[in-house]
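Letter by letter, the chains look like this.
There are 2 protein chains.
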Amino acid sequence: MSAFHLGDVQDAACTLDGVAHRTPVVTSSRLDDELGIELHLKCENLQRMGAFKFRGAYNALSRLDDDARAAGVVAFSSGNHAQAVALAARLLDIPATIVMPTDAPAIKLTATKGYGATVVPYDRRTEDRAAIARDLAEREGRTVIPPFDHPHIAAGQGTAALELLEEAPDLDVVIAPLGGGGLLSGTAVATRGMRQDTRIFGAEPAAGDDGKQSFDSGEIVTIPVPDTLADGAQTTALGELTFPIIRELVEDIVRVTDDELVAAMRSLAHTCKLVVEPTGALALAAAKTLAPSMSGAKVGVILSGGNVDLDRYAGLIARGATRAR
Amino acid sequence: MSAFHLGDVQDAACTLDGVAHRTPVVTSSRLDDELGIELHLKCENLQRMGAFKFRGAYNALSRLDDDARAAGVVAFSSGNHAQAVALAARLLDIPATIVMPTDAPAIKLTATKGYGATVVPYDRRTEDRAAIARDLAEREGRTVIPPFDHPHIAAGQGTAALELLEEAPDLDVVIAPLGGGGLLSGTAVATRGMRQDTRIFGAEPAAGDDGKQSFDSGEIVTIPVPDTLADGAQTTALGELTFPIIRELVEDIVRVTDDELVAAMRSLAHTCKLVVEPTGALALAAAKTLAPSMSGAKVGVILSGGNVDLDRYAGLIARGATRAR
Numbered sequence: 587m588s589a590f591h592l593g594d595v596q597d598a599a600c601t602l603d604g605v606a607h608r609t610p611v612v613t614s615s616r617l618d619d620e621l622g623i624e625l626h627l628k629c630e631n632l633q634r635m636g637a638f639k640f641r642g643a644y645n646a647l648s649r650l651d652d653d654a655r656a657a658g659v660v661a662f663s664s665g666n667h668a669q670a671v672a673l674a675a676r677l678l679d680i681p682a683t684i685v686m687p688t689d690a691p692a693i694k695l696t697a698t699k700g701y702g703a704t705v706v707p708y709d710r711r712t713e714d715r716a717a718i719a720r721d722l723a724e725r726e727g728r729t730v731i732p733p734f735d736h737p738h739i740a741a742g743q744g745t746a747a748l749e750l751l752e753e754a755p756d757l758d759v760v761i762a763p764l765g766g767g768g769l770l771s772g773t774a775v776a777t778r779g780m781r782q783d784t785r786i787f788g789a790e791p792a793a794g795d796d797g798k799q800s801f802d803s804g805e806i807v808t809i810p811v812p813d814t815l816a817d818g819a820q821t822t823a824l825g826e827l828t829f830p831i832i833r834e835l836v837e838d839i840v841r842v843t844d845d846e847l848v849a850a851m852r853s854l855a856h857t858c859k860l861v862v863e864p865t866g867a868l869a870l871a872a873a874k875t876l877a878p879s880m881s882g883a884k885v886g887v888i889l890s891g892g893n894v895d896l897d898r899y900a901g902l903i904a905r906g907a908t909r910a911r
Numbered sequence: 587m588s589a590f591h592l593g594d595v596q597d598a599a600c601t602l603d604g605v606a607h608r609t610p611v612v613t614s615s616r617l618d619d620e621l622g623i624e625l626h627l628k629c630e631n632l633q634r635m636g637a638f639k640f641r642g643a644y645n646a647l648s649r650l651d652d653d654a655r656a657a658g659v660v661a662f663s664s665g666n667h668a669q670a671v672a673l674a675a676r677l678l679d680i681p682a683t684i685v686m687p688t689d690a691p692a693i694k695l696t697a698t699k700g701y702g703a704t705v706v707p708y709d710r711r712t713e714d715r716a717a718i719a720r721d722l723a724e725r726e727g728r729t730v731i732p733p734f735d736h737p738h739i740a741a742g743q744g745t746a747a748l749e750l751l752e753e754a755p756d757l758d759v760v761i762a763p764l765g766g767g768g769l770l771s772g773t774a775v776a777t778r779g780m781r782q783d784t785r786i787f788g789a790e791p792a793a794g795d796d797g798k799q800s801f802d803s804g805e806i807v808t809i810p811v812p813d814t815l816a817d818g819a820q821t822t823a824l825g826e827l828t829f830p831i832i833r834e835l836v837e838d839i840v841r842v843t844d845d846e847l848v849a850a851m852r853s854l855a856h857t858c859k860l861v862v863e864p865t866g867a868l869a870l871a872a873a874k875t876l877a878p879s880m881s882g883a884k885v886g887v888i889l890s891g892g893n894v895d896l897d898r899y900a901g902l903i904a905r906g907a908t909r910a911r
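These protein sequence lines map, in sequence, to chains W and S.
Numbering-wise (this note's numbering), the first sequence opens with residue 587 and increments by one.
Numbering-wise (this note's numbering), the second sequence opens with residue 587 and increments by one.
Hints should not be assumed to be uniformly reliable.
Heads up, the list lumps identical chains together, so a pair's fine if it works in one copy or across two of them.
Unchecked claim - When the alpha-carbon atoms are kept at most 20 Å apart in a straight line, the in silico SDA-like pairs for lysine to any residue are as follows:
1) Lys884 to Ser803
2) Lys699 to Thr857
3) Lys699 to Ser615
4) Lys699 to Lys884
5) Lys884 to Glu620
6) Lys884 to Met780
7) Lys699 to Asp618
8) Lys699 to Arg616
9) Lys699 to Asp619
10) Lys699 to Glu620
11) Lys884 to Ile718
12) Lys884 to His607
13) Lys884 to Thr808
14) Lys884 to Glu624
15) Lys884 to Gly604
These are calculated hints, taken from the structure and not from any lab test.
Looking at chain W on its own, in the form it has when it is part of the complex (with noise of 0.2 Å):
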């Protein structure tokens, strides 16, 4: 699997011109009050289909020659790259096919659907979905679209953090949710590509710390699928390809717990007015931590997706409440 670079993350920024949502970038002075810092919060929240995944899935499936078209795709997701890949696939007129686990967020699934792709199941805790992919792919000729682990996945997710320092231009900090490594090692080489000086740290849930786990010991290290609130973090290993990326431009993973990313959801909600799944709180949760180590810096944050089930987003945030007493 070959890196990619700057241009590469430029070349998608132009194929998704027009298509994708350039999401708002959001400041709040009540926020930065109570933190001591400047948050400068991309809401890709608010991009199309609800998540950044839209941007890797539609670079990627752009750049598939027409014979790949004609045959189709096929992709395996916990929720968000399958909305992404399904959209992506009806803007572009190519069949699509989504692997979904069987207990993934109903909004998920249903959107997917809407979107016109073939779901088939599957239980995450007993079945191997990168395995039933490969095996509709070799049936049907179709192209595995992965969700992270891709030059052309990665360079497309990079545009939400070009776009930022577009907006932005001086920010002292980056920070992205790490689940596989396609948004983080995006958002690394389009910071790294455009600004020498700015630190880049990944936020993962501290119950699946695989990205802090291999960050630290310089290996990948796999685990068992984690449990927590941040469904779309619950990837068990970094890829080949987004690994050595993150090694070398991040400088450290923040482990997040389920009740700091309430917190987060919470504030995004009461201060910003911004609803966002529990995945998409993950950089700012870790902006709270590192703020005390960071006073004054100019803090670009990645809000990955809002696409949670209204029932349990509105448990999460008055759960929150009730423990805040």
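Given chain W's structure and the hints, the job is docking chain S onto it.
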């Protein structure tokens, strides 16, 4: 009370440039598919202090002379105008006293105090807030900043529509919430000034339809304080300045039930990832009512604010879920 014109709205836009947020205009292909219209949502819930009210307050306070600034201001408000005057006063270094109802949402009360204003509580059902404010003004030489019936206030509110039309210049329809008429009259003046053909609608709570009654009868109708979820539109009568403008430029006033408000709040959270207060969802609820009769139309909707207690918000969007089953 003299009327105001497009030029006043444009002057206000200059005053607010670099001070107020230029809030994003959000689109959603899913909501468009659902309703059969093309929505452009002006996100004043992402405005400073969480509502459009900052625009009018800052514009009005900016136009006070030095003596008036030194003597200070007083305002009466159920919430967002209070915060708006408090924040504008802090930015302009003007002392502010706010007369607020005892049952104002805690989030609005806390924020108003947080911006450094002095808060004087009153009972909304037995006391006359205008009289209390006038009394304070006379005793201390302060200028009363009314919540809506003033040309500098209404012209300031009109800048949201101005920005909306700059981004989506070919709107067929613009819809704004209606309480006392500051936002709707400002929206109407800005919209008609920019576009001769754009249809303009107001949206008010069905339980407090003094606006619709006044609009139909041609005279300002006063009602008792209405019981509605839309606490920002619990006004009892239109203003002497705002009413004639609304009667002349607005096509009709759409009445919105509490159930429709909750459904619109849920759509905004679920599909657009935006937290809006009940009043902030009035215009989208009206758009849903109007949609069948204007298939394919480009519809601008002003989401007026997002200041709602988080527990109450969680209860509303969860309650809606229960009802929908």
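Quick check: which numbered hints come out false for this structure?
Failing hints, ascending: 1, 4, 11, 13.
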